[in-house]
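Generate the whole structure from the sequences, applying the supplied hints.
Residues in the sequence shown are numbered consecutively from 1, following the UniProt record's numbering.
The set of hints was computed from the structure by calculation and includes no laboratory data.
Quick reminder that beta carbons are idealized off the backbone N, C-alpha and C, glycines included.
Among these hints, one or two may not hold up.
[Unchecked claim] Mimicking DSS-like on lysine-lysine, the simulated pairs with C-alpha atoms at most 27 Å apart in a straight line are:
#1 220 to 200
#2 128 to 220
#3 209 to 220
[Claimed, not checked] Distance windows between CB atoms, simulated:
#4 86 to 184: 38 to 44 Å
#5 159 to 28: 32 to 38 Å
#6 151 to 39: 31 to 37 Å
#7 216 to 50: 15 to 21 Å
#8 68 to 40: 19 to 25 Å
#9 65 to 196: 40 to 46 Å
#10 170 to 196: 18 to 24 Å
#11 68 to 107: 24 to 30 Å
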Amino acid sequence: MLGGGPLEPPGGVSPRPPGRSRAVLDGEVRVALVDDHPVVLDGVAAWLSAEDRLRVVATGDSVSAVLEACAQCPDVLLLDLNLHGDLVVGEVERLAGRGVRVVVYSQHAEPELVLAVMDAGASSFVAKHEGRGELVQAVLAAAADRPHVSPTTAGALAADQRPQRPRLSRRELEALLLWFQSMSRESVARRMGISPHTVKEYIDRARVKYAEVGRPAPTKSDMLARAIEDELIEADDVRGYRSWAARGR
Numbered sequence: 001m002l003g004g005g006p007l008e009p010p011g012g013v014s015p016r017p018p019g020r021s022r023a024v025l026d027g028e029v030r031v032a033l034v035d036d037h038p039v040v041l042d043g044v045a046a047w048l049s050a051e052d053r054l055r056v057v058a059t060g061d062s063v064s065a066v067l068e069a070c071a072q073c074p075d076v077l078l079l080d081l082n083l084h085g086d087l088v089v090g091e092v093e094r095l096a097g098r099g100v101r102v103v104v105y106s107q108h109a110e111p112e113l114v115l116a117v118m119d120a121g122a123s124s125f126v127a128k129h130e131g132r133g134e135l136v137q138a139v140l141a142a143a144a145d146r147p148h149v150s151p152t153t154a155g156a157l158a159a160d161q162r163p164q165r166p167r168l169s170r171r172e173l174e175a176l177l178l179w180f181q182s183m184s185r186e187s188v189a190r191r192m193g194i195s196p197h198t199v200k201e202y203i204d205r206a207r208v209k210y211a212e213v214g215r216p217a218p219t220k221s222d223m224l225a226r227a228i229e230d231e232l233i234e235a236d237d238v239r240g241y242r243s244w245a246a247r248g249r
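Given below as structure tokens:
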């Protein structure tokens, strides 16, 4: 994966700033769409625009064209995986490695491809047959840096047979499970009766252990994927929490 330096797309688009997303701060999520089928672009743009919290700021048939049309980096880039006959997993890796939140939306939903997309750093994968509701939830979750597991992704993770599982301590596992069900490390710390710094240490140690067995998990979404692969948590548990959070808006 490329390094985490500033994103420098054509047209001088500003990179996403560090820390909490602008979308979380002001309640509006700026979404850019990339698909090489105009009918699909129009339909998905209409789907997303019907959600008050989402605003479509650019559409196009290539990443470069869409980013050129944006005054600044969008909060979420919704990307069709097959552009002009090519699977663009490498583009997912390039963008995610430079701080862009990428939600992949594709008719190609083979488990090995879904896993490759998630390993490349996508915030979420949604199959095109999964519909508007799933897509909207994936975009909102990505903008808020929350993990999202679509039914297609859950199926791919459950079928993954990679055996390398690190040995996590009881407290590391407890911190991870609470983190997946929480909006912040501070709330995890309160639940566990420890400091946020200690929570970070537990999570960082778990990341190191996954990296040591060749399964890096640099983001929360990556760590959630690893936990589901290793049957430490059920995908339905996270989906249930997401629905509860949405009801509390």
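Notebook entry, point to check: Is the gap between the beta carbons of residue 170 and residue 196 within 18 to 24 Å?
Noted result: holds, 19 Å
Note to self: Between the beta carbons of residue 68 and residue 40, is the distance compatible with 19 to 25 Å?
What the structure shows: Taking Cβ atoms as reference, residue 68 and residue 40 lie about 20 Å apart, which means the hint holds.
Checklist line | Cβ distance range 32 to 38 Å for residue 159 and residue 28, holds or violated | finding: The hinted range 32 to 38 Å holds for residue 159 and residue 28, with Cβ atoms some 37 Å apart.
Check: If you draw a straight line from the CA of residue 220 to the CA of residue 200, is it 27 Å or shorter?
Finding: Measuring from Cα to Cα gives roughly 12 Å; hence the hint holds.
Notebook entry, point to check: If you check the beta carbons of residue 86 and residue 184, does the distance land in 38 to 44 Å?
Noted result: holds, 39 Å
Notebook entry, point to check: Given a hinted range of 40 to 46 Å, is it respected by the beta-carbon distance of residue 65 and residue 196?
Noted result: Roughly 42 Å apart at Cβ, these two residues keep to the hinted range, so it holds.
Notebook entry, point to check: Are residue 68 and residue 107 spaced within 24 to 30 Å by their CB atoms?
Noted result: holds, 26 Å
Check: Could one say that the CB atoms of residue 216 and residue 50 fall in the range 15 to 21 Å?
Finding: violated, 37 Å
Checklist line | Status of the given 31 to 37 Å range, CB of residue 39 versus CB of residue 151 | finding: violated, 25 Å
Checklist line | Straight-line alpha-carbon gap residue 209 to residue 220, limit 27 Å | finding: Since the Cα atoms of residue 209 and residue 220 sit roughly 15 Å apart, the hinted pair holds (cutoff 27 Å).
Notebook entry, point to check: Given the proposed pairing of residue 128 with residue 220, does the C-alpha separation stay at or below 27 Å?
Noted result: Measuring from Cα to Cα gives roughly 24 Å; hence the hint holds.
Hint compliance for this structure: hints 6, 7 are broken, all remaining hints hold.
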